[in-house]
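A.B. asks: Sequence:
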Amino acid sequence: MSELNKVDYLKERLENFLHALEEIDPETTELADIDRLISMVDDLEEKMKEI
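Residue numbers (the UniProt record's numbering): 1 to 51.
Taking lysine-lysine and the DSS-like style, the derived pairs with C-alpha atoms no more than 25 Å apart in a straight line are:
#1 Lys11 <-> Lys49
#2 Lys49 <-> Lys6
#3 Lys47 <-> Lys11
#4 Lys47 <-> Lys6
Keep in mind the hints are simulated off the structure, nothing from the lab. Bear in mind that the values here come from a model prediction, so they are computed numbers and not experimental data.
The whole structure should be built from the sequences, with the hints applied where relevant.
C.D. replies: Here is the structure:
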């Protein structure tokens, strides 16, 4: 994967994370939802280290 493709991939993943974060309703959020967000951040961090 080229550097440009990697950056585009990270941008897309970050947009997905931000969208998921915006969609969370504080009144109905469960622990599983928060765990999913943390997992997304961890994945982004690992991918950034690869670049």
